[in-house]
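Engineer: Sequence:
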Amino acid sequence: MTNINQNKCITGLDIETCLEAFGNHFLKYTQINGYDKLLRVLGSNLYDFLTNLDNLHDHLSSIYPGMRAPSFRVTNTSEGSMHLHYYSERKGLSAIVKGLVMIVSKEFFGTEVVVNTVEECEDGHVILEVLRKDQEVDSGEASLKLVPQKHQLLLSSQPRDLLFSTRTICEAFPFHMMFGPDFQIIQIGNSLKSLSRSLWTRGQPVPKFTDLFAISRPMIECTFDAILSYCNQVFVVKSTDRFINTDTNRSQSGRNRTISVESDRGSDLKQSSTDSGTDTAVPKLRLKGQMVPVPESNAILFLCSPRVNGLDEMKRLGLYMTDIPVHDRTRDLILMSHQRRGERELVEKLDEATNHIRILDSKLRDENKRTEEILNNIFPPKIARMLSQNIRVKAENFEPVSCLFSDIVGFTAMCGSPRVEPMDVVRLLNRLYIQFDNLTNVYGVYKVETIGDAYVVVGGLPESVADHADRVVQMGLAMVKVTHTVQSPVDGKRIQEMLPIMSRSGVKLRGASFLMHKVYNDDVTLKLITTTSEVVGLDIETCLEAFGNHFLKYTQINGYDKLLRVLGSNLYDFLTNLDNLHDHLSSIYPGMRAPS
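Take the position in the sequence shown, starting the count at 1, then add 2; the result is the number in the numbering used here.
It should be emphasised that the hints constitute simulated quantities derived from the structure, not laboratory data. Mixed in with the good hints, there may be bad ones.
[To be verified] With a straight-line cut-off of 30 Å between C-alpha atoms, the simulated DSS-like cross-links for lysine-lysine are:
hint	residue 1	residue 2
1	K384	K371
2	K93	K240
3	K290	K210
4	K449	K371
5	K449	K384
6	K286	K317
7	K317	K240
8	K108	K30
9	K351	K365
10	K240	K286
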């Protein structure tokens, strides 16, 4: 309805016109979705088509549980038009039916009709009048396709000319009932009688149709005349609490008995005594069939078949395959329904398994994502990628790398102080290490591990870089600034860190296994044991040696190669004249603080 209201605002058309256009489109929609052949065999004319439309909706309701299907019935008028009675819980949609009727008559039967609203009731009952668009056409195929033609029957309608007995009818049609204007049952089939045999004991009044059943479809008033006017409709009735016999273990003789009652109409029904069962709550019996007028007896014959959802419901009702006649296709439908139910259960289980797999797959992706986050927090990105791809990480040997070791001055005394709670130490380290971890990302260094107050950082691992020493030194300076922002829980003063830095070659990186990733070098253990640096100072060793090697190449590149080579013929003379060279450079570059 929201789309229709939007369409109304855009096109300026009224809602009824939009709904009629929707009805025209809905026929094409059903044809595209595989219902074209089914719709075309509903009837040879518009009258039969609309008559069988209610039966189609009843069938769809059984296929799609929860479907609130509308109900239809057709009546003729003395003027030659048709009245289509439309019943629906959803009010305001009768214009869709108008559009459907007009397009069906035009597409299927080549007849253009006009549909007018005659009456709208508050209970959802709408009466529509169907007229041919060209009322001047009195004959021809178009008029034949609007209302079925009646043919005169030349057969006898006298009861005395009937060639079979009541017993034969009750056996051939075990699910049938005949009742008069007062709804008192005149005749009943063997299977129906057997299901309700406790009602047919001697001395009890013959029950009425309305006492045993309630009409579900079509939606009509339960009167004799109303049923006669709806004889061209499919009837669906449900049993009342009085009908079903709770004794499901019926004897064969009880199922084959017939009922006989003397009546004023000359019809006799044989009645015999049966054992009554115990009344308990049982499912309702659903019968579907046709109401056939019997004017010679002033009665209505209800020819029907049971409609059950499966073999389990048959068992609960006390119904057996032998109760259903061989000529009735209900047997095949029940067996087919049982087979299809098994297939549907397999499909449902497959859908459940598919949905379960999707849920597990989603959970697995979430777990993989969390695992990758954990790996990235523990290992370098390169190692984490290899582990997530299940690639074995082999041990590697790296050329010069730089290491930084940080220790908090007086940490052991801090932990033993009676004024310090354990959580104070935890909060102190957490505040420091969160900032240190952020700095490792800024300067591109790798945190090897943290043990207590020891924080170990390596530059040039696990990917070699030329400026590893610069990165580690910058990391150390940044760590010093961070320590100035953190106070000791003992005296409230700023904490002090010792940050020795060294560069060494031959560092070995061991493979990752069980969340273990270690860096091995002789100086690693040495530096963890000795603390030779000053407080809040930087211990720079081999990195300066490497810088000296690099400085010689720098001077040679910048034009001092020949000058250096003539300073002396041996190392002693070279170092002796080096001071003279620095004095000369000091005179050339004022402000130069040359060494001696």
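Engineer: Hint by hint, note whether the structure agrees.
Structural biologist: Hint check results:
{"no.": "1", "hint": "K384 <-> K371", "in the structure": "holds, 16 Å"}
{"no.": "2", "hint": "K93 <-> K240", "in the structure": "holds, 26 Å"}
{"no.": "3", "hint": "K290 <-> K210", "in the structure": "holds, 18 Å"}
{"no.": "4", "hint": "K449 <-> K371", "in the structure": "holds, 22 Å"}
{"no.": "5", "hint": "K449 <-> K384", "in the structure": "holds, 14 Å"}
{"no.": "6", "hint": "K286 <-> K317", "in the structure": "holds, 12 Å"}
{"no.": "7", "hint": "K317 <-> K240", "in the structure": "holds, 17 Å"}
{"no.": "8", "hint": "K108 <-> K30", "in the structure": "holds, 13 Å"}
{"no.": "9", "hint": "K351 <-> K365", "in the structure": "holds, 21 Å"}
{"no.": "10", "hint": "K240 <-> K286", "in the structure": "holds, 6 Å"}
Consistency note: the structure conflicts with none of the earlier hints.
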